[in-house]
Amino acid sequence: MRPPAGVSRRTLLRAAAAGSTALAAGCSGGTRSVQVAVVWSTSELDRFREVVAGYPAPVQVVSAGNDIDAFLRARHLAGTSPDVAILPRPGLVTEYAQRGWLSPVLASTEYAVPAGLGELLTAEGQRYGVWVKAAHKSLVWHLPSMLPVQPANWDALVRRTQELGALARRDGGPAPLAIGAADGWVLTDWFENVLADVAPESYNALARPDADWQGGPVREALDRLAGLWSINGAFVGGGRRALLTQYEESVIQVVHTKRAVMLVGADFTADVADPFQRGPEAPVTFRFPGAQPGGGPLIVGGDAAVAFTDAQGGVELVEWLTRVDSFQPWLRAGGYLSPNTNVAIGSYRDRVGQGLAAEMRTPGTLRFDLSDQLPGAFTGSDGVGIWRIMQGFFADVTDGVRASEAIRRATGLLAAAARSAGGGR
Amino acid sequence: MSQVRVLGELAVLDDVGPARRGRAYPAVGATSALLLPAAVLLGGLVLWPVLRTMHASVTTDGRWVGAAHFRTALAAPGTGAVVGRTVLWALLVPAVVTALGYLLAAASRRSEEGGLVRLILLVPVALPLVVTGVTFRLMYDPDPSRGLATLVATRLAGRSVEDAPQLLGPGMVTVALMSAFVWAWVGLAVLVFRSALDAVPPSLADAVRAYGGKRRHVLWDAQWRPLLLRTTAVVFALVAVGTSRTFDLILVMTPGSVRDEASVLALRIWQTSGGTTTGDGAALGVVWLVAVIGGIMVAALFVRQAWPPPPVEAAPEPAPVAPPRRVFRLLAAGAAIAWLVPLAVLVATSAHGRVDAAARGWWSAPPNGESYRNLVTGTELWRTLGFTLLLATAVTATVLVVALLAAYPLAWLTGPAAQATGLLLLAASVVPIQVIAGPVNEVLGLVLSSGTAQGLALVHIALGVPFAVLVLRNAFADLPVEQVRDARLGGRRWWHTLRRLARHNRSAVVAVSVLEFVQVWNDLVVGRLFGGPGSFPLGPFLAEQTRSFVSNSGALAASSVLASVLPVVLVVLSRRHLVAGLVSGGVR
Chain A
1 MRPPAGVSRR TLLRAAAAGS TALAAGCSGG TRSVQVAVVW STSELDRFRE
51 VVAGYPAPVQ VVSAGNDIDA FLRARHLAGT SPDVAILPRP GLVTEYAQRG
101 WLSPVLASTE YAVPAGLGEL LTAEGQRYGV WVKAAHKSLV WHLPSMLPVQ
151 PANWDALVRR TQELGALARR DGGPAPLAIG AADGWVLTDW FENVLADVAP
201 ESYNALARPD ADWQGGPVRE ALDRLAGLWS INGAFVGGGR RALLTQYEES
251 VIQVVHTKRA VMLVGADFTA DVADPFQRGP EAPVTFRFPG AQPGGGPLIV
301 GGDAAVAFTD AQGGVELVEW LTRVDSFQPW LRAGGYLSPN TNVAIGSYRD
351 RVGQGLAAEM RTPGTLRFDL SDQLPGAFTG SDGVGIWRIM QGFFADVTDG
401 VRASEAIRRA TGLLAAAARS AGGGR
Chain B
1 MSQVRVLGEL AVLDDVGPAR RGRAYPAVGA TSALLLPAAV LLGGLVLWPV
51 LRTMHASVTT DGRWVGAAHF RTALAAPGTG AVVGRTVLWA LLVPAVVTAL
101 GYLLAAASRR SEEGGLVRLI LLVPVALPLV VTGVTFRLMY DPDPSRGLAT
151 LVATRLAGRS VEDAPQLLGP GMVTVALMSA FVWAWVGLAV LVFRSALDAV
201 PPSLADAVRA YGGKRRHVLW DAQWRPLLLR TTAVVFALVA VGTSRTFDLI
251 LVMTPGSVRD EASVLALRIW QTSGGTTTGD GAALGVVWLV AVIGGIMVAA
301 LFVRQAWPPP PVEAAPEPAP VAPPRRVFRL LAAGAAIAWL VPLAVLVATS
351 AHGRVDAAAR GWWSAPPNGE SYRNLVTGTE LWRTLGFTLL LATAVTATVL
401 VVALLAAYPL AWLTGPAAQA TGLLLLAASV VPIQVIAGPV NEVLGLVLSS
451 GTAQGLALVH IALGVPFAVL VLRNAFADLP VEQVRDARLG GRRWWHTLRR
501 LARHNRSAVV AVSVLEFVQV WNDLVVGRLF GGPGSFPLGP FLAEQTRSFV
551 SNSGALAASS VLASVLPVVL VVLSRRHLVA GLVSGGVR
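Protein chains in written order, with UniProt numbering: chain A, 1 to 425; chain B, 1 to 588.
Honestly, the hints are just simulated from the structure, not real lab data. Careful, some of the hints might be misleading.
If you want the footprint, here are the derived chain A segments under chain B, 3+ residues with CB under 8 Å [what the hints assert, rightly or not]: (1) 271–281; (2) 385–392.
Part of the chain B face toward chain A, derived, beta carbon under 10 Å [as the list claims (entries may be wrong)]: (3) Ala76; (4) Asp143; (5) Asp163; (6) Ala164; (7) Leu251; (8) Glu442; (9) Val443; (10) Arg528; (11) Phe530; (12) Gly531; (13) Asn552.
Every value quoted in this text rests on a predicted model; they were computed, and no experiment measured them. The C-beta atom is built at its ideal place from N, Cα and C for all residues, glycine as well.
Modelling step: build the complete structure from the supplied sequences, incorporating the hints.
Below, the structure written as structure tokens:
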């Protein structure tokens with residue numbers, strides 16, 4: 001018999017799959033497991049398995065690696081999408097929602113996130129994703145003995161960098177800054193921190209389709225960066241060497257070999273710093289400096305959970321992930337931040353975690369990672385999009401190209417990349 | 001054809017007159033059945049995806065757009081450089097490998113240490129390209145306190161540590177990648193040239209000398225003209241096709257900021273299309289496909305004749321030939337030492353723990369077993385190794401069965417039909433998987449196995465079958481008529497005949513098995529494109545760890561060493577069979 005028109009191959013295949021798993025479940029007396037695709041690997045993956053171990057139904061966690069977008073696109077093409085995915089970029093959530101791949105999700109009553117975060121996961125008024133994890137991305141790391149006085153604002157940072165750079169050139173002292181410029185996201189994090197301070201009100205506008213990438217705010221932020229990055233002796237081994245330095249290596253340069261004094265990095269820098277710490281001295285942090293003393297705006301990154309259409313039990317699992325108790329294994333492990341403001345500050349294991357969680361709840365200062373919100377290839381990857389453009393800009397300013405010329409090139413490329421990704425001007 | 005007993009002996013009724021190959025040809029029905037598995041695999045997972053990619057390159061959402069995608073793709077900034085670099089790879093690297101291969105094969109001939117030299121050169125051939133990439137990135141580490149090559153270059157140039165030459169920097173990265181590739185491939189060229197040189201009857205050189213020929217005449221008339229020209233073409237073509245695998249090296253060796261300066265078409269297509277194949281990505285893919293297949297066809301025309309030639313009358317015991325001159329032997333010894341250095345760097349790094357390997361050079365800290373201890377006591381590497389072993393074994397067995405079945409009837413084709421089949425198989429065996437990834441995924445979706453181990457295996461099988469059929473078909477066709485006749489007489493059914501024939505072709509069967517196994521074991525791109533939950537083979541597993549290269553280098557080097565043991569042992573043990581298989585596959 002021919003299947004009735006309108007029943008897609010996918011539905012048939014799903015029915016067959018559901019049939020066979022139902023059979024298996026019937027034998028074991030359990031329920032069908034929910035499949036979740038995540039980007040995490042190694043210890044992060046183990047931690048998440050601990051989290052879903054508390055879920056009443058069996059959950060199968062699959063690591064899709066860093067190319068989760070390609071993985072999910074291929075699985076969609078093949079009609080074998082997982083039930084739930086945890087995406088590292090809100091841009092993907094809205095993209096998938098617009099293509100009709102996702103089903104709307106609900107959050108538990110225990111779920112509340114800082115203003116501005118929730119909207120990133122909605123499309124046409126519907127909520128398509130929830131935040132499950134957050135990262136604080138406005139920190140500068142250093143060893144206390146290497147930098148006794150923390151720069152209070154941007155100008156102080158520039159001055160300190162000049163002094164340390166001069167010392168490094170003269171008698172081979174440590175370079176003021178370590179930077180993993182081989183990883184494009186390191187540079188976009190710098191850029192976002194400065195941009196949110198220079199133009200807090202136009203920051204979010206750059207994520208929208210009509211963004212002006214050649215306008216004043218972008219130019220001003222790049223100009224500020226050029227002022228710091230072009231300082232002679234600012235980086236270990238110079239700019240060209242910095243472009244071959246990966247993020248983990250830059251952490252090692254600060255905490256282990258002590259060839260650099262400061263490092264801009266997110267809270268998860270601690271994961272790398274811990275095994276490479278030498279002696280009893282642990283690195284400490286201060287807030288990425290803004291023009292005014294007291295720190296600039298806060299850049300936050302995060303991972304969002306979505307449920308695919310036709311998913312079995314996907315919506316329920318997503319709802320469960322937003323409960324306060326679900327975050328417990330992450331709290332116990334330390335080094336993880338919850339975007340949920342109903343998670344009690346006191347439940348964080350250490351002072352640092354408590355402080356960072358409190359910072360995230362300060363009203364009005366929070367901005368979500370901009371490059372993660374950009375559409376298509378513009379969002380960046382190795383050799384692609386905004387990652388590549390920021391690396392080009394970094395290469396220019398550390399190689400003695402005039403700031404105005406470097407800015408002109410970078411903004412031109414940014415505008416072109418935004419246009420070809422389907423927006424911007 | 002019927003079999004009866006004549007005077008107590010089994011005979012075939014129409015077995016009169018000169019022996020003919022046609023006697024062993026299976027009936028039409030059987031032929032179709034034998035060819036079916038290979039045809040379904042190739043049709044579904046190679047041919048149809050190729051057509052689909054071509055279709056995608058001229059349409060947008062099913063609408064005809066003509067050459068628009070080609071124009072956009074070729075006009076995109078940087079495409080010119082990418083295409084140029086791909087061409088450079090396809091011409092320069094094979095030329096270097098071929099020349100070096102010939103020189104070293106000649107230099108390591110008939111000398112006592114020659115066997116050892118060839119063995120050393122062969123080891124890199126068997127390594128996964130990911131491991132080669134890891135090895136050379138360790139040597140070229142931008143920090144002279146860790147990278148041996150950087151340290152040496154700094155000293156030689158008399159530069160300061162802060163001003164060390166950057167071999168992985170934008171200016172040098174392609175040269176660095178090429179050096180790794182040459183290191184990995186020269187052994188193969190040496191092996192092939194060696195057996196070609198051995199096949200040249202020394203009497204030929206004597207004859208040339210007898211007619212007053214000088215050294216260059218001997219070289220030209222007794223070496224190049226009869227044999228080596230064709231061998232050179234084979235090696236060149238093999239390496240040129242191999243350069244389309246630079247993908248693995250680039251992904252592993254280049255830091256993100258220089259990836260554009262190293263990019264070739266394989267990478268560009270992967271970056272622009274991910275797991276799907278549409279628009280610009282498809283257009284670039286078609287350009288690449290046409291170039292690769294065109295190139296291999298030209299090479300095939302060059303080397304159409306059979307190689308090695310049918311054995312001549314049993315030659316008299318070859319007169320002892322003088323070993324090569326001393327300078328040549330020194331060259332061979334020097335090469336062997338140079339080839340050992342990267343291996344030593346890999347092993348030395350693997351003998352250091354995480355902190356030591358990341359923070360200082362392997363020569364400045366005492367080795368310990370920390371990295372190995374962590375790996376061996378962990379479960380992750382074992383799981384990956386186990387899965388890869390299972391995958392490679394299953395794929396190899398299936399490819400062998402499917403290819404044997406198909407090669408049997410194909411071996412008795414003659415004339416244009418045989419040539420056309422050969423060229424078609426050759427073309428199918430060089431189709432780059434990146435170009436057809438999207439459509440292949442659709443097909444896998446139809447059989448509900450995308451992102452699963454079965455799907456991964458299926459893709460490997462489809463990609464492995466054409467080459468295996470080619471090698472086995474040629475091996476069958478090369479069998480002396482008498483052996484074929486014996487097999488036909490002794491085998492009561494066609495599968496008995498096939499088994500007997502396969503036994504006569506042990507070399508080809510071993511070559512196909514080893515090559516297929518090593519190919520799957522060493523793969524990165526298929527695993528990356530079609531792997532998924534629970535099906536994460538070795539290549540992607542290692543490549544994933546290079547995202548934080550320095551902080552992981554101890555564990556990465558240790559897992560690379562463990563991952564290389566099996567392919568190296570297999571290739572070294574089967575090296576003689578490999579040449580026969582490889583060369584017969586490349587020449588019809």
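**Prompt:** Under the criterion of a CB-CB separation shorter than 10 Å, is B/Val443 in contact with chain A as hinted?
**Reply:** holds (9 Å)
**Message:** Given a cut of 10 Å on the nearest C-beta pair, is the interface hint for B/Asn552 held or broken against chain A?
**Reply:** holds (8 Å)
**Prompt:** Hint check: is the beta carbon of B/Asp143 less than 10 Å from a beta carbon of chain A?
**Reply:** holds (8 Å)
**Message:** Does the closest beta carbon of chain A sit nearer than 10 Å to the beta carbon of B/Glu442?
**Reply:** With Cβ-Cβ at 6 Å, under 10 Å, it holds.
**Request:** Could you check if B/Arg528 really has its C-beta closer than 10 Å to a C-beta on chain A?
**Result:** holds (8 Å)
**Item:** Per-residue hint verdict: B/Ala164, partner chain A, C-beta under 10 Å
**Value:** Since chain A brings a Cβ to about 8 Å from B/Ala164, closer than 10 Å, the hint holds.
**Message:** Can you confirm whether chain B covers the stretch 385–392 of chain A, using C-beta to C-beta distances below 8 Å and requiring at least three such residues?
**Reply:** Three-residue rule met by the stretch 385–392 of chain A, so holds; n is 3.
**Request:** Go through the hint on B/Phe530 and say holds or violated, using the shortest Cβ distance to chain A against 10 Å.
**Result:** holds (8 Å)
**Request:** Would you check chain B against the stretch 271–281 of chain A, counting CB to CB pairs closer than 8 Å, and say if three or more residues qualify?
**Result:** Satisfied; 3 residues make the cut.
**Asked** Does B/Gly531 meet its interface restraint, that is, does its C-beta lie within less than 10 Å of any C-beta in chain A?
**Response** holds (9 Å)
**Message:** Checking hints one by one. Is B/Asp163 an interface residue toward chain A, by the C-beta closer than 10 Å rule?
**Reply:** This interface hint holds because 8 Å falls under the 10 Å limit.
**Message:** Let's test the interface hint: is any C-beta of chain A closer than 10 Å to that of B/Ala76?
**Reply:** With Cβ-Cβ at 9 Å, under 10 Å, it holds.
The earlier numbered hints are all upheld by this structure, with none contradicted.
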